[in-house]
Every structure is written in structure tokens, then in C-alpha cells.
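4 protein chains.
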Amino acid sequence: MVKVAIVGASGYTGVELARLLHAHPEVEIACVTSRQNVGEELAAVFPSLQGAITQVCDDVDVDLVCSKADFIFTALPHQTAMAVVPAFIRAGKRVVDLSADYRLRDVAVYEQWYQPHTSPELLAEAVYGLPEVYRERIVQARLVANPGCYPTSIALALKPLLERDLVDAATLVADAKSGTSGAGRSAKLGSLFCEVNEGFKAYGVANHRHTPEIEQTLSHIAGSPIRLTFTPHLLPINRGILSTCYGQLKVALSSADLHRLYLEHYAAEPYVRVLPQGVYPNVSYVRGSNFCDLNLTVDVRTGRVIVMAAIDNLVKGAAGQAVQNMNLMLGLDEGRGLGQLPLFP
Amino acid sequence: MVKVAIVGASGYTGVELARLLHAHPEVEIACVTSRQNVGEELAAVFPSLQGAITQVCDDVDVDLVCSKADFIFTALPHQTAMAVVPAFIRAGKRVVDLSADYRLRDVAVYEQWYQPHTSPELLAEAVYGLPEVYRERIVQARLVANPGCYPTSIALALKPLLERDLVDAATLVADAKSGTSGAGRSAKLGSLFCEVNEGFKAYGVANHRHTPEIEQTLSHIAGSPIRLTFTPHLLPINRGILSTCYGQLKVALSSADLHRLYLEHYAAEPYVRVLPQGVYPNVSYVRGSNFCDLNLTVDVRTGRVIVMAAIDNLVKGAAGQAVQNMNLMLGLDEGRGLGQLPLFP
Amino acid sequence: MVKVAIVGASGYTGVELARLLHAHPEVEIACVTSRQNVGEELAAVFPSLQGAITQVCDDVDVDLVCSKADFIFTALPHQTAMAVVPAFIRAGKRVVDLSADYRLRDVAVYEQWYQPHTSPELLAEAVYGLPEVYRERIVQARLVANPGCYPTSIALALKPLLERDLVDAATLVADAKSGTSGAGRSAKLGSLFCEVNEGFKAYGVANHRHTPEIEQTLSHIAGSPIRLTFTPHLLPINRGILSTCYGQLKVALSSADLHRLYLEHYAAEPYVRVLPQGVYPNVSYVRGSNFCDLNLTVDVRTGRVIVMAAIDNLVKGAAGQAVQNMNLMLGLDEGRGLGQLPLFP
Amino acid sequence: MVKVAIVGASGYTGVELARLLHAHPEVEIACVTSRQNVGEELAAVFPSLQGAITQVCDDVDVDLVCSKADFIFTALPHQTAMAVVPAFIRAGKRVVDLSADYRLRDVAVYEQWYQPHTSPELLAEAVYGLPEVYRERIVQARLVANPGCYPTSIALALKPLLERDLVDAATLVADAKSGTSGAGRSAKLGSLFCEVNEGFKAYGVANHRHTPEIEQTLSHIAGSPIRLTFTPHLLPINRGILSTCYGQLKVALSSADLHRLYLEHYAAEPYVRVLPQGVYPNVSYVRGSNFCDLNLTVDVRTGRVIVMAAIDNLVKGAAGQAVQNMNLMLGLDEGRGLGQLPLFP
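Chains as they are written, first to last, in our numbering: chain L, 1011 to 1355; chain B, 1011 to 1355; chain F, 1011 to 1355; chain H, 1011 to 1355.
In short, the hints are calculated from the structure, not lab data. There may be inaccurate statements among the hints.
Here are some, though not all, of the chain F residues that point toward chain B, as calculated from beta-carbon distances under 7 Å [to be verified]:
| hint | residue |
| --- | --- |
| 1 | His1032 |
| 2 | Pro1035 |
| 3 | Ala1062 |
| 4 | Val1066 |
| 5 | Gly1200 |
| 6 | Tyr1295 |
| 7 | Pro1352 |
Note that the structure is a prediction, hence the values are computed from the model and not measured. Glycine is no exception: its CB is placed at the ideal position from the N, C-alpha and C atoms.
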């Protein structure tokens, strides 16, 4: 049994990590931290965990965490994460960091979109934790930067097209829609039930911080720099992201051709499901699971391809992918603890 | 008091017409029809109307309707509408038809996307009821084809750009999201609460019937043929459409420049609100009202413009626009009966 | 045109007052206040009001408000309200206070459930603004204490039974469910979308502050002291309260008998709708309107009566009833500005 | 590996059985049936199952099912279930029937609330599958009648009170609220998204078919006949039941006393969680899990006790309890396959 810590356990990603790790047969949750709940049971913060998770929240104390756990998930806000991650690494722990702090390789880009970086020396070492792209490197990594939810869905949607150079990269648009858990668990006016429910709007238009992360991955896949337009929207649901991606095809391909290509491309991937033709991804079909559902259509009238990707932003978009990365880093079966089917309805 | 009929009153558009016309000071609801509820009070079908609307549902009998009403709203499915509209016109009534039957000027296009047309002779006369584009012609019309919900939002979003030739028409993408009332009130598996709630998906990808209608209006505005990619999605909310539209700018313009242009363009329009810069349209800010809220951002990194339009699909997207058209046709103040502010939250 | 002020306009009750008063033909919104939004347009706080309400938020300054308005709605939290209401009254203004501060006649009861009262001298004068019970006194009042949302629904549900002494008062239970707007617009963890959506729970069990208010009204109606069990629950919807009330009948009555009695009892009330037998009140049938929908069933197997009442907590449960009270106080038609039908769906 | 069949797999209970049985390490889904989907993959009906469940739907053919499976779950509507269950039993299979057909011991009561019973001979043998009450008998059973969702929650809520005779049985009221999946997956107008969403209402008031089932269990527990008032309501959520139960205490007990009693009473039960005092059951804290969360408060002002129970209607209220019963019948660990924690948010 590997002893793991969840640092920053009182957010939605934290409780989801607790849920998934509790179901993991080779792992023991040995430490949970939450600054605002020190001394409280995590199950008091999240009654869903009652009777199953008995851990009491510690403060975010590096020595304490290191004394209790060997593998560490940091589910902290950006900037807060990089205040502790270097110490965990120095102490010889392996870390999956779920913040944005180690996702961008170029410190200048990070600092342009976020704020000054306090441990840039780790950027070169950190591996971007998207197994479908970086699996081999993840296996070796001490520090994995777990991808953002939007970037995961968009990278998986576009990878087959970019790898084969089938789409004009200058025409890419990603119109993405996320459930509200993506906004976190802090008490903000804009996240109140009555502000979100029965509403729908875009936000962060043309300036969302996931943009450089998306572009970094797509550029890596394509082998040349890519800029796209990315528009996130807020969905009045708890969980789920649907990203609808558009691009002009470079060659005339039918929907059937492309569908076959996607099926082949992802045939060996355990968590990417290319749905049957005509069945469109729906966030409700991946809820609670680590699946990314994909499908696509060619708009023959305009020569454009439309690729749709659905994930659960808290699972494949956060905690599930983090567990998948941990499994790879620990040499376990990649799907250990991730076998639960989606909860529908 | 003008005596009006609502033909096909048992759907969501029907009950919305009843709500709006009840609030209209110069109109009397003189007849409501519903095949499956003949002899029943409309308020028994929709208890929301209890104590206010006392009309009993008639069958869809042309003579009966004509004997009771002088102005007729047909809120029937396509194909069913054109079975009765010609008779109403022959009887000298003025009609706002809320179906798709008279929206497309080219009968061949209609028949390609729908089925054979049984009264093509009226197509030349029918006026497309988008006041912001066709106001003068609506004033003179006997038969107004009330626009579809998606087309209304997309046409209003793109009109200022197309009129001034600011955007490359070959690059247009409209990613639209609609509340579930747009799917109508028939008992279909896909419209069940548990199938829609906490879900989100695209549908009719690259083949939705509103596509030719959108293109007809955009082409008219631009003065040249336009093809765009249109992707509708189903939102787990009752009411509201948000359309996010993308296009490559032909000239370098700042968000501020374009915002000013939109403000000027729509300054005289009573139901188009260009929101302050940075305030994005939200379907919850137009709920129950006839407003179309607009805003835009230029993605300077890619030279693309993103225009967002929010409407209530049952009001500006259906019943409200129908009343606006009626007002124009009757020479009344255009906003008569449409003064209610949005219901928030 | 009466000049009115909305003191505390940045909450959900405030924006609802703005919506309703905007539709009122004999009233002008002359002043809106909001401490945290001083200098901002109210339409910047609530974009739903864009293009219609142009007032800028003032600070809560008694002299300023009195210089601008003749009739004042105070939509402030309890304790904050009583800090300004006495000054408004001294300045000769008439006031509808939507807080709890003047609802309880007995200062000791108030102080037991809330905190010390700073203007108990006004308690004797304040009239409880439930027109169906206190209409004559409201007409004369300078200060009306607008009822709570739960108390309104429960009092109207039980009034016919208690007036005729048909139910054993010792057996009364009110199981009530409220939409989330009832929790107000402050940024609290418990009101976050993800905490409320797809959830349902009781709160304030056996100790909610509306209990003494409910009991005061029921006791007044019955003519003897009544204690009941009141359990509020939080519904994952924006608006609406459904109260399901239970009591043991003292005499054997059929559902039909009691239904007839309710119909007669409320025949003259403009905002109470006793639905046809078998049609149960649904919050979605009163949304946005001032109606209270009622119905009842006798459980013949147990001799118990079940009365259900549905209101929109922001309208008949707050802003709408406040406008109804204002109309009565000003000698206007009681329904002025309240004619909008419910928004369904 | 036990080979199991899901007879009637295309409803919400069917897909939930598939989800849970897929996670069960000692069971193999060997057969699924669905009359309207014969020849289709179950994963085509429910894309959530894509990539995991490969079974094709058979017709409901007794011989076929018996040739494929040794343990049978019948998830059919009442009346349809009893058309096949006797044949399964005759063929020597063990059956958990999720319909209402074998829940009521008295055929006359069944026929009063449902319709004629076609296999009354099995009623004496069938065991009511509420493990917290009938565990020993379930272990021996060939045919288990899986309890209804409402009855499960109400029986568990009241059991400790009734066993100790602490409450006046004549005063019992159960005010219950259920998510919409409880209404099934057939295309009915009343289950449409727009009819349910943002709505809330009671239904089946004083005549819901679960009433005799609830009373049968409560009477058994109490050892004397009990009649209660039961009011179900429809919640605009997918999953979850909250039952709020009321009764007059026979002895003066504090909330703390009763809470302790509940804790002790259920200490050994794996799926009943008595929450800490002051933490009220919320359907969102049991979502997707087999837990029944309980808590209670004594209303000292009225001498009434309020007990709240939350379950997931599709798990502890249907498929989860069915698996729990299967485990007992097969001599497996009672919690096999049921270890998943609730999905929050």
C-alpha cells in the first residue's frame, strides 16, 4: 500500500481525489490537509465521505506531510502550489501537482498569464501529465503537472488531426463549456446558485489562462507553433466539459474516413472512447468516470471539421487523470482504481 | 381591441403567446386552438394561466377561427402550418406564422431541408419577420414568417460586421446553445428531464434545418452568398439561446472600435442591447423579455472576432418577436405589450 | 407619479422590486441604494435591467433618500432595516419594510429569535402586510411589515381551516420547500451552485426564525395560541416555495367539501387561486407572478387534511406583496403593476 | 463468477444495475433484455456503458434468459414482472424482482392498489428485501421483492422509534421528495425537462401506491397495524429521495438522547449512516452510493420528532439494494460491489 497525501483537500478536486483514492486497492490515504479545516475530519467538510474517510485535516506543513506520505497530490491554487512543491521534491517525494504552476515550460509565458514564478528550476523537469501524449515521460517523472480540464479535452479532440497535418492550424477555434465545479469551491458571488442556474454565458473570452497551455500542447503535437481562439462558457451543471472544436480541413475527407482514423488513433487508449458515428458526446455519459468521449463530423458544405470532446472536469479533467498519472509513476496498472462506470442519469 | 387567434396553443410557444398577448392593451385573445385539447380550457392545459385566460380550445377549423379572430398567430409544426395558412390569407386575415414553412424564399431549398411545399405561391409574398432587417416590409405584410430562434440570434450578432464587410464570410462559425423549450412540448425520450438535466451535447451537427435560414438572412445582409458552419447544442435550462459567433476580421480593429460600431448600429433598435464592454450576454439576463443582448471581443492574437448574442428563445426567438411583428403590421407602437423586464434570477 | 425608493437594491428582492415597479404605471423609481455599489448604475449590478433602469446607486443616507422619494421600500437585512426605518417614518414617509424587524408584535419574542430591538416603539403601529388577513389596517398604515415568504404561504394555506375551527391546531405540521433565492445574494459557501444543485435537504429544523411569525398569524386567525412544527427545505431552483401543511380534521369532511369551502373563502381575493380539484400547486405555475396557488386533499384513511400552497418567494413572498401593500396604502387599485402572468416554462 | 441477467435493462434501474454489477468482482453480466431494443447493444441505448458492457439486448424470453444466467434481476414494470418471475423460479433460478408485484403479502391489498395478481402463490414465499429488517430471511430466499424507494427511506427513518414504541403511530406523517428518475424512462409529458425543471409539486397525494407497502413494513416493525399519511413530491433533480417524517413522541426525549439511540440502533448496519448531530441528510451526499443517511431533531416546543432520511432512489432505493440482496442470497459479503463512495458534487 502506497501512502498518499492530498494537500488541499477541501476543494472539489480534493474531495474527488478522496473518492477515487478510497476505491484504489493499492493506495492508502495517509494525510489530508486543509488550512481552513485543520483539526476537523475531512468527512465533516464533505459528509459524502462519512463512514469511509476518517482522516483529520492537517495544516499544510511540509515536514508533517512528508512524514506521513510517500506520494503527494497537491490540489492547491496556482501560486500556492509552488510554495510547497519544491520542498516535497527535495524531500524525495513524487508529486502530481494539479495546479497550473508547472504546466507551462516557458517561464516567461507563465509569468505573462499568471504572476512571477518562484521555482522555475523545476519547470524543465516537470512532465505534463497527459498520458495520451506524454506517457513514457510520465513513467519516469518525479513531478507531474496535471493538465487543466479544458486543455485535456481540446488536446484529445485535435490530436489525430494535428499529428497527421489534416487541418489548417490557423483556423482552429475551440468553443468550450464547463460545469460550475470548474470554478472551485470558494464563496464567490458569480458562483452562487441563482447566478448560475438557468443561465449560460461565455467568460474569459480571448484571455482565459488555459490558452497558452492548450497552445503548448497542440504546438508540441503539430511540431510547429499554433495559436487558436478559445472561448470558455459556464454551464449550469455540476460536472462536465464539452469542447466543440472547429478547423478547416486541408484535404477532402468524409466523416466516415475521419471517424475511422479517430478509432484507429485511439484504439489502444483505455480512457478515450470514440463513439459510434452519429452519437455525439454528452457530458452526462462520462459523469464520474475517467473517460474522454470523442466524435466528429465533417461539414462538407464548408470543408470544416467539427470535433466534440466530453470529459468530467473533476475526473479526466483533474483527479482521475491525476490518479492515472500516479499509477504510471508507480508502475501500477494505469487503470487501477479508475474502473467505475459513468453515473447515468 | 384587435381580436387575435392562437392556432396551436398547447405548445410552449402557444402558452408564451397567451402570456404576452394577455399583457397587450390593444388585443383580445378571441380564439385558441389545440387539436388534442378540444373542449378543454387552455388554463387546464397550462395552470399558469388559471384565473386569467378563460378561452376553451377549439379544433383547428379555419372557418371557426376566421369567424372569431382578425389576426392570426399560427404556432403549429412545419408542414401542419402550411395546411391552414393559405386559407387564413384567402379569408383576408393577416397572419404571423411561427413555423418554418414560409421562411425560405427558395422552394427548392425548403424542399431539400424539409419536405414538399404545398403553398409555394405564398413564398414570394411572405415577409421574413426580423424587424431589425425587414421592418419596412413587415409593416406592409399580410403574411409574416416569424424567424427561427437560432437564426434571430445569429443574424443580429453578425449584421453589423456583414453590412460593413468587416469579416471574411468564408470563416464564419456559429456555435449556438439552446434551452430545452426549443425542442417543443411533445413527449420524446430525448427531452425527458433525466436525459437533459446535468447533460450537455451538440445535436444536428452540420445538418440542422436552421442552417439555410441563417444563410439566407446573412447572405441578404452581406449582399452575397454566405455559407457558415452552425452547431446547435442542448442546454439543461428551460429558456434561452446563446450564440457564440466567430469570424476572421478583414481589417485590424480593436474590441473598443467594434463595440462602438455595434452601439451605433443598434442605437435605434428597441430590443437589441449592446452590453457595456466586458459584460458578456447571459441568457438569464433576458429571460422572459424580448431583448437580444449582444457583445463582442476581438481576439488580437488570432485576428478573429467573437460575437455573443443572448435571447429568450420563446420571446425574441418566437412569441415576443411575433407580437413585435403584429404591432408593426397593425400600425401599433412596436413595443406594445412587450415592456416586461427580464425575470432575474 | 409617486416617487419611490428601493433601499437595499442589490439583493434579489431589490432587483425584483425594480422589475415590478418599472412595470407600475403610477410609480417612478426615484432612488435606489446599495452600500457596496454606491455610484454604480443598478443596471451594472443587474444587467437584466440594462436599457430600462438608469438609476445610480446611492448610499443608504436617510436625508438623501427622503429628498428623492415619498414612498420607501426597505429591502435590507433584519437589524439593518430598523436602523433606518424609524428615521423614514419620522420624516413623514410611508414605508414597506421587507425585513423581519417589524413583523413580530411582541418585542420579547423578536429578541428571543433575533437580537435586541432598537425601535420597539414602532412595533405597535406597524401593520403585518398580509392583505388577505389585514387589508383594512394596511390601507391606514404608515409602516407595513411585509411578511416572510414561508409565513405567507402557510398562513394562506391554513386560514380557511383555522377560521372555521376545522382542524386540531395541536397537530399542525408545515413541511415547506424554498428556492435558493430565499437565501439571499451574499456569497456563502452553502449557496454555491455545486452545493445546492442536484441536492435537497432540510435546514433550520425546529428552529427557523419564521416559526414565531407563522404562529403569530395563525394564532390571530384562530383566535387562540397555536404552535406548529415547521420544517424548511432548500430546493435547487431559483424561485418558488411549496408548503405542504398537515392537520387532523375535527370533523369528517370530504376533499370536495373542503375544496368548495376554499373556493368560496378566497373567491374575492385577486391573488389566491384555488386550483381545480386534482390539480396540485406547482411553483412553476406561479413563477414571476403574485399568485398564491392552493389546493388540498383529505386523507380519508387517517382523517388528516393536506393543504398545499405555492408562491414565488420573490413576488407574493416579497416584492410583489410589497407592491400590493403599497397600492393599498396609496389608495390605488390593489393589482396595479401586478398583472403579469406567470412565466411557464 | 455468478452469471446474472438483467431483465428489463433499458430503464434507469436497468442501467444502474449494469453499472453496479459491472463493478462487482464475483458476478458476470451474462444476459440483458429489452423488448424495444432487441438486437441492439445495451451500450447503444446507454452510451455511458460504451467500452465496458458489450451485451446485446435479448427479448424477454424465459428459456433464453435461463440458459444464460443463474441469478436474475427483473427490472420490469409491475404486472409485467409477474408474467415472467414464476417461470424463472420454476426453472430453479433465484430472483430479485424490483417491481411491486411481490412486495405486498396480502393479495387483496395488492389488488386494491394495483390490478389482479396472476401469481399469488409466490407471495407467501417472497421475502421483502430490506436487509435492515429481514436480513435472515433474505439469506434463505429464492425470490426477493426489492423494496420501493420511498418505503426504504421511510422504514429506515422510523424503525428505531417504532421498535421502541417511542412515537404515537396515529400521528405519523411522511413528507417525501423524489428525483425524477423515480418516474422511469418512458416518454411522458409530465416527465419532460421543461415540465419538471424549476418546478416542484406534490403528486399522488393520499393515494400513492407505495402507501400500503410503507404501512406493511412499519406495522411489521411496530407489531401492530399502522396507517400514516404519505405525500410524495417531484424534485427537479435526477437522483435522490429525502423523506421528512413526523410523529408525536410518547415520552419526552431530547434530540441528543434520540440521536444516541439511532447511532446505537444502526451501529452494525453497513449502509445506514446516522450523521453527526446538526448535519442534515442531503441527497447530494449519497448520490451514486448505497447509503441511507439519517438524522433527527426533537421539536421540543411541540413534542414532535422530525426524522430525515436521504437515499439515492436508484441505488439504496433500487439497484444497489438489489445487489445487496443478491449478495446475501449468494452468501457473499453483503457489500461486495457496493463500495463506491458518493459522487459529490
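So, going through the hints one by one against the coordinates:
no. : hint    : in the structure
1   : His1032 : 6 Å, holds
2   : Pro1035 : 10 Å, violated
3   : Ala1062 : 6 Å, holds
4   : Val1066 : 14 Å, violated
5   : Gly1200 : 17 Å, violated
6   : Tyr1295 : 4 Å, holds
7   : Pro1352 : 4 Å, holds
This entry does not satisfy hints 2, 4, 5, going by the numbered hints stated previously.
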